[in-house]
Structure formats: structure tokens, C-alpha cells
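*Asks:* Here is what each chain is made of, one letter per residue.
2 protein chains.
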Amino acid sequence: MPRSEKALIERIRLQARRFGPIVKTGIGDDCAVLRTPPDHEVLVTTDFSLEGIHFRREWHPPESVGHRCLTRGLSDIAAMGGDPVAAFLSLALPKAISQRWVDRFTRGLLDLAQAANVTLAGGDTAQSPSGIFADIIVLGFVPRGRAILRSTARPGDRICVTGELGSSAAALDQLLSSRKKKLTPQNYPRHFFPQPRVEVGRALREKKLASAMIDLSDGLSTDLRHICDESGVGAEIFSPALPVGADPDKNRTAALNFALHGGDDYELLFTAPAKKTLPSTIAGIQITEIGVVTRRKGIFLVNSSGRKTKLQAKGWQHFSQGR
Amino acid sequence: MPRSEKALIERIRLQARRFGPIVKTGIGDDCAVLRTPPDHEVLVTTDFSLEGIHFRREWHPPESVGHRCLTRGLSDIAAMGGDPVAAFLSLALPKAISQRWVDRFTRGLLDLAQAANVTLAGGDTAQSPSGIFADIIVLGFVPRGRAILRSTARPGDRICVTGELGSSAAALDQLLSSRKKKLTPQNYPRHFFPQPRVEVGRALREKKLASAMIDLSDGLSTDLRHICDESGVGAEIFSPALPVGADPDKNRTAALNFALHGGDDYELLFTAPAKKTLPSTIAGIQITEIGVVTRRKGIFLVNSSGRKTKLQAKGWQHFSQGR
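Each protein sequence line maps, in turn, to chains A and B. Heads up: the first sequence at position 66 corresponds to 66 in the numbering used here, and the numbers run straight through without jumps. Heads up: the second sequence at position 27 corresponds to 27 in the numbering used here, and the numbers run straight through without jumps.
Check each hint, because a few of them may be wrong.
In this list, chains with the same sequence are indistinguishable; a pair is considered to hold if it fits within one copy or across any two.
Said to hold, decoys possible - With a Cα cut of at most 25 Å, we get these calculated PhoX-like pairs of lysine-lysine:
1) K208 x K24
2) K95 x K314
3) K208 x K275
4) K308 x K181
5) K95 x K276
6) K207 x K275
7) K24 x K314
8) K24 x K275
9) K207 x K24
10) K276 x K182
11) K297 x K95
12) K314 x K297
13) K275 x K297
14) K208 x K276
15) K297 x K181
Everything labelled a hint here was simulated from the structure, so no lab data went into it. Keep in mind it's a predicted model, so treat the numbers as computed, not measured.
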């Protein structure tokens, strides 16, 4: 690193200095100290962002890496219906990295933190033998007993998603293909600057509309399996109902595959009791009913003729492993 | 990795399954859900343990790596006078690592977690391009307003440490020297299995004996500077009073240097108001008065003749950088 760890911490500390009513003591002590609102529970999530696994420096501008890093954590809090309050960043950097890269990374992360009203309250720094290693921790609160779990879907519940699916994976496919080595981030915001659905998750919790919830980080086929496994249920997905991301370069079959198996969408997948009436949008984000929870185990894709085929979990293994 | 990430998570989940009264939902959902005791604040700390920076596979048995990884986090909670309750482990492993290494690492970490009554409640796993990258997050609670900060030392306060200093660095010096390539961990427990001083930290908080506190992870000369910088004070350290770790292979000067500048002791450094009476031991651990907080800035070492010399911060930069 072209700087001491102390100088790096001090720089991030100055950029991050904004304690809210929750964060009492942030960067600069052994621990951060956070006030807890009465009758609430604490939510904690941690997510790696590793160079070569979750991003590539030649593809992703530093602001995008910082933004995506925090999105991963915020999206997990959203998936519990919680309010994110504080983030912690552990960052290991190789010697050769420029201060400019680090500043742009931090800006991408802090811009999203500010938009989400989250304070960067601590973390750790180290020198990495090679490559950039970031671990983001996000802490949030949820009223006691009101966190929306993966394990509480019931047969008969409708299955819904926010927004649209597959656009992030479609962009990645272009990056991986020989045709393009670079994409303009502004043209592919869902890949480079995905928006965690914190407001939607909070509204679903407040209105008691969701019986179970997960965020779509690994792909629908994999994440739906987590809900089914934890809840001991099965599912049927109506493929014509899927809100497939627009991709002019791709045919419908390819786009459907991205929507079913592509990762990094950071939309919410939730189940809703049949008797609840769902709005078509929440906080400006489209809500789409895509299937139903079944007593029978197994996850099936139902096409427009009603034919059922087993849906394999082919979700995201991150792009180091090819796709 | 010779296993899928899912299998690894499932394996750790089975080994870790022990939810206490605090951890309501652990590994297996988007977030962990933790109950918060009323009138308490949350403490959060994160610490890297990186291969080649914080440990070496040829020197440190996997159990030691896991133990030291969690010690780093527990020690930060101890330094606030808090009660640790939950740990989160983000672990990136290279393809070539054996399941046996991972199991032994996990055992080292979970044995200490059990001893400290801490639940492993979540984390993340990924494949590392090279080397082992671990990030430990520890969450604890402290009664509202009672966290012992770095910034509250006052002129006239006595400066104290727990246990003895320098043994971990002395062991590392042997590893780094050409004389020895391996040390038997049982003979060097302070290096391979350092004990975080959680009970001492808690007792100091309960009895209101400490005005400021930090843990000695980077070395006395560096960590004392943190307290002085944050509190806006100076310090004088009486070198004859330092509880220097016994090291039969070293002369007094070398041992004193390890005690002043060596890292990874995980003892507590605290300041105590002059009017408070300190016991000679707390929870079986020796308490030693080593100096005094001064209004005059700067940190000075005072020898047995009363001569003062400026104490440079030459603490730990981790052994990747030499020492």
C-alpha cells in the first residue's frame, strides 16, 4: 500500500464521519458502540467482495465495486424487513493499488450508505498479499419478533418478486463473452449499481404482507430453494409470469435463463399469504406474482401450456468458476 | 476448495449449532437475529486474520489460527468492558486446502467460542484466489453509557496492564530467526493460544475501576499512543515496573523491547482514577501499575534512575513487513 494503514483508516474515518442517533462511537475505538431502540432485535450480515470472484478491476469501476460491496449487505437486511443502521468495512489492499482507486471505492460505498441512511462505523484494514479483499458487515434493527425469515413460507402462499430479473447476469454475460471487454456502467445500472430494496422490505414487514423472504443474490432457482428447504415446502413457478429484464441483444430463452439462474439481481423474493391483497407497486417498485408454494416438495417450472418441469438450482457460483 | 461452499457452510453450521438466549436465528437466513437486553448498547468489532500477514500455515497449527482469529475480536469487546455474545466468520479458502485443515481451524475457533459463551451466528464463505482470508466479527453488549472508551483518560490517572507483556513477540522472534523453524505450541501458549481478558474487562467496568481502556494487540507503545491521542493527554511509563514476560533465551533489554513494542499480547491496558483502590489480581489475572497519565503531551519512558526518554511508537506492523 502506498500509505500506512493508519493513514488509510484516518482518511476513511474523515470521509465517513457522520454519527447518527444510533451510532454513538464509530471508527477510532476498540469497538463501535450502537444505541438499541427499545423492543427491537439486532440483524447482522457479512458478505465478501473479493477481486476475481465478485468483481474484476478491468470491468468494474471502483465506485461500482464499493456500491456493490455495500449493496450485498443492505440487501440482506432488506430481506428480513429490517432497517439498516451501520456498516463495517474490512479492507485488505495490495501494495500496488493507488490512493485514487481506494478513494473512488470509498466514495461509491459512502454514497450508497448516505442514501440508505447508514453510518460507516468501523472495520479493519490490512495489506493483502495479492488482490483486493473486502468484507462488509451491516447491522440493522427490526421490531421484536417481526423479522421475516426464510423458514415461514406455507403451502398456498403466493410467490412474488420485486423489480425485474436477469439484467445483471445478462450484462455479465456480455463481459464474459468475447464480443465486449468493457461496458458503460450508465447503460447497465442493474449490474454496476444495483439498488437494494430496503424500503420495499420494510413496507412488507410493516404491512405484514410477507410470510417468508430472501434476497436474490445467487439467482432465483437457488434462492427459492433456500426458502423451500428452510420452510419444508415446494414451489411452482409460472414461467410466463416472470418479470424478465429487457435485453435487446438476447432472445427470450436466454433472457429467461438469466432471470431463473443469474445472480446479483438484489431483488426480493417473498411469499404472501393467499388472503392478503398485494399492491402492484411498493415504494415505486413493481411487485410480480410468479408462482405458488406447494405442500409437495420440489420446485417446478410451469409453462404457458401448463406443462411442469423440474427447476434445477443452477444459481450463481460467482464468475471465477465460469457460468 | 475440495467441497462446495454450501457443504462448507452446512458443516460449520452443524458444528456451531448452539443458539443461546441472545441469538434467536443464526446461520441459515439472510441475517442473524439477536435479542437485545434492555438498557444495553451494542458493541461491534471486526478483525482480519490473513495468511502471510497474521499467521503462517507452516508455523501455526490450524487450531491456533482459529483460536487467534476469535481472540482478536473477543479482546476488542473486553477492551470496552463488554460481554461478547455472538461471532460471525467470513472465510475465503484456496482450492488446495484440505477439509482437515478447515475442521481443525473451526475447532480452534469454536473451542474458544464455547469457553467465552459466544455463539457462531453467521458469516460468509468464498473461494480465495490464493491464501486463507478470515474476517471475524464479534458482537457484544454493555449497559447503556458504560462502555470504557479510549478517549476518557485524565491527567493523574494511573496506567495499568493485565498479565505480562512481550511473550508472544518473543516467540515470533524465535520463529523469524534462523535458529528455529517450528515451536511447540504447548510451550508458547501466549503466542499460539492467547487468552482474551473478557472477565477482567467486565470486572473493571462493573467496579468502575477504569477511566479508559484498550487491548494490547499492536504493542504497548502503539496502543498507549491511541489512548493518549484520543484522550488528548500524555503518559509516563516506569520501565522497571513493566511485567516483562519470562524468556530464558533473551536478555532483559530484548525482553523489554518485546514488552514495549511487541504485538499480539491481547492483555488490557487501562487507566484508573488515582483515588480508586486497585486489587493486585482480577479474575486470577495480575494487575500491574506501570505509569501515569500526564497533562503534558508525549509519551516518555522513565528508568530506575528517573531519566526520561521519549517512547517511540514502534508497535506491530505484522510480520509480513519484518519487524
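*Asks:* Now, for every hint given, state plainly whether the structure supports it.
*Replies:* Structure-based check of each hint:
1. K208 x K24: Between copies only: 20 Å across chains, 31 Å inside a chain, cut-off 25 Å.
2. K95 x K314: So K95 and K314 pass the 25 Å test across copies only (21 Å; inside, 37 Å).
3. K208 x K275: Classified as within: same-chain Cα gap 12 Å, cross-chain 56 Å, threshold 25 Å.
4. K308 x K181: neither (38 Å within a copy, 63 Å between copies)
5. K95 x K276: neither (55 Å within a copy, 47 Å between copies)
6. K207 x K275: within (13 Å within a copy, 56 Å between copies)
7. K24 x K314: The answer is neither: 43 Å in one copy and 30 Å across copies each exceed 25 Å.
8. K24 x K275: neither (43 Å within a copy, 28 Å between copies)
9. K207 x K24: between (30 Å within a copy, 23 Å between copies)
10. K276 x K182: Answer is neither; intra-copy 45 Å and inter-copy 65 Å both fail.
11. K297 x K95: Answer is neither: 51 Å inside a copy and 33 Å across each miss the 25 Å cutoff.
12. K314 x K297: Answer is within: at 18 Å inside a copy they meet the 25 Å cutoff, but 61 Å across does not.
13. K275 x K297: within (22 Å within a copy, 69 Å between copies)
14. K208 x K276: So K208 and K276 pass the 25 Å test inside one copy only (9 Å; across, 54 Å).
15. K297 x K181: Neither: 42 Å inside a chain and 56 Å across chains, both beyond 25 Å.
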